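Residue numbers (the working numbering), protein chains in the order written: chain A, 1 to 295; chain B, 296 to 655.
Worth flagging that the hints you see were computed from the coordinates, not collected in a lab. Treat each hint with caution, since some may be false.
Some but not every residue of chain B turned toward chain A, in silico, with C-beta under 8 angstroms [to be verified]:
no.: 1; residue: A344
no.: 2; residue: V371
no.: 3; residue: R397
no.: 4; residue: G550
A quick note: this is a predicted structure, and the numbers were derived from the prediction, not measured. Cβ atoms here follow ideal geometry from the backbone N, Cα and C, with glycine treated the same way.
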Amino acid sequence: MSGLLPSRRPAAVAPRPLAEPPVVRGLLILVALAYLGLFLVMPLTAVFAQALERGLAAYVAAVTEPLALSALKLTLLTAAIAVPLNLVFGLSAAWAVAKFDFPGKNALITLIDLPFAVSPVISGMIFILLFGRQGTFGPWLGEHDIRIVFAFPGLALATTFVTFPFVARELIPVMQATGKEEEEAARVLGAGGWQTFFRVTLPNVKWGLLYGVILCNARAMGEFGAVSVVSGHVRGKTNTLPLHVEILYNEYNFQAAFAVASLLAFLALVTLVAKSFVEWRTGRTTTSTEGRSNA
Amino acid sequence: MSIEVRKVTKRFGDFVAVNDISLTVPSGELVALLGPSGSGKTSLLRIIAGLERPDAGQVLFEGEDATTRDVRHRGVGFVFQHYALFRHLTVFENVAFGLRVRPRAARPAPAVIREKVMSLLKLVQLDWLANRLPSELSGGQRQRVALARALAVEPRMLLLDEPFGSLDAKVRQELRRWLRRLHDDIRLTSVFVTHDQEEALEVADRVVVMNQGKIEQLGTPQDIFDHPATPFVMKFMGSVNVFHGRVEGGKALLGPLAVDYPGHPHAEARPASGFSRPYELDLGRHEGAGGGFWATLRHVNPAGAVIKLELTDGGDSAIQVEITREQFEALHPKPGERLYVRPRQVRVFLEPGEARAPSE
């Protein structure tokens, strides 16, 4: 891809016209590194340092305490629901947008971005307004004894809502770039719908898909705002890891708070490693658009 | 297998891509759909393939209605303009695809598939590239893989959409001769779409010239070239000089030209145009018999098998003339010189639309 660019400089014919003086270059690198250290490395080290402040035993105790374990379980469970849902939704939305023309297509693309646009707190509020006791469906749900808000379904709903753009956003450009000729070729050659999907469509988008899933998962596990609104903070019942960290912190139990936080940080690091692997594998150099934060 | 298209219409929104077209392709023939972009040729091909549903009309294979038959069951081999090879599969797997996706009962054994694919790759002279990915091939090689892949399912007809459109001139030349030979060998009913008149005339048994969703003319390459049916075909089949004017009383008066036109013996005038190809014009220094006119030589392009000259008679469009090298050397004209232009042949067409005007 980059082979088109002149990779070799003309040897010592003339100084490169656009080369910055070494001082400027050094300064730029220094600024970037300092920034990185100040805002990324230092906090991350601080998390792990604080977590291990009172030794490994205290760390293990904080992490394996029943409430922490239940929060971890809840977090993983929420992600296990939100990610597959958004995988299916993202695939079908991207498919629809990329392969078909229909009225309201642009509206759909805009709507997909909605969860990115609104504050997570508002995302949480939406579900309170819909399913809370005073909400639209509140009375009906109360009659049938179904609890959504302040219970696990609410957590899953809010998390799914907040994370649903990731897969679709990642796939739409990939699918648009592939076009539909290969699918048409498969059909002409006699492949059925599912055969076409599994043998042609999916292999073409698999790395983009995986990338989207990783980002989606990172956000699902780290989501705080929306989850905080719908959770009700019932310890051991509706507390996810980020919420658990907050509670511990508010109780001045810093060491435990950081120990649990380090778990989240660790999950995030694993995700990042997986993400870089996928990026390296796809050889994407320019396509990682929209500077997104994850976790 | 013969293909018949009956009164087929296809619209995209307000745009009529294919307008009430009927066409028959006899079994074993190689037919070219020729036209400029937007003429509906690709839409027609895709309708035959079943990739597009017509809004009206029928498609028949061997006399049997196939209009609503799914693409998968039409038995067509389709070659896409941009190859549409499966980019994650090797050349071998691309060609094997159509066999592998068959229902278990109809699927050949792996050894049979292997043999079949390799023999097809041999046919397209690419057996040595079986394990490469499409991205590692040149354009011409990809196109041949696409062809092998289409043939692997033993289609009853072959449909090709601008098969050589995205190749460079030399490869295009080679491939189209090769396609012609291949067709002579396997005699598979084939339809291919092109916007290149040279390609259509060189490769096809019969050519269908299309414009604005309609068929302008249908005939053998020689027919089309020697007897263009409409001004559009005339213009589309290569550069041509146009003389605007009128016909009246059995004569066509076309600017500087006057020729007989017995088709319109009536007294009242009708607007008309005369067409002469650059090589149908003679140049001389003397006024001869038959209507001709004087023009000034502006430019000479001596590179090529024929000499191309550009003249002006004061009108707004230049007059293009092609003469042989021998003629050029005998005449040896200089730019700026006045020469006598005498057409050997002028084809006169009444202006379209005028047919509606009451003439009698």
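Cross-check of the supplied hints:
With 8 angstroms as the threshold, the beta carbon of B/A344 comes within range of chain A, its nearest partner Cβ sitting at about 6 angstroms, so the hint holds. The interface hint given for B/V371 holds, since its Cβ lies 6 angstroms from the closest Cβ of chain A, which is under the 8 angstroms cut-off. A cut of 8 angstroms between beta carbons decides the hint on B/R397: the least distance to chain A is about 6 angstroms, and the hint holds. Violation of the interface hint for B/G550 is found here, the shortest Cβ-Cβ separation to chain A being roughly 48 angstroms, above the 8 angstroms cut-off.
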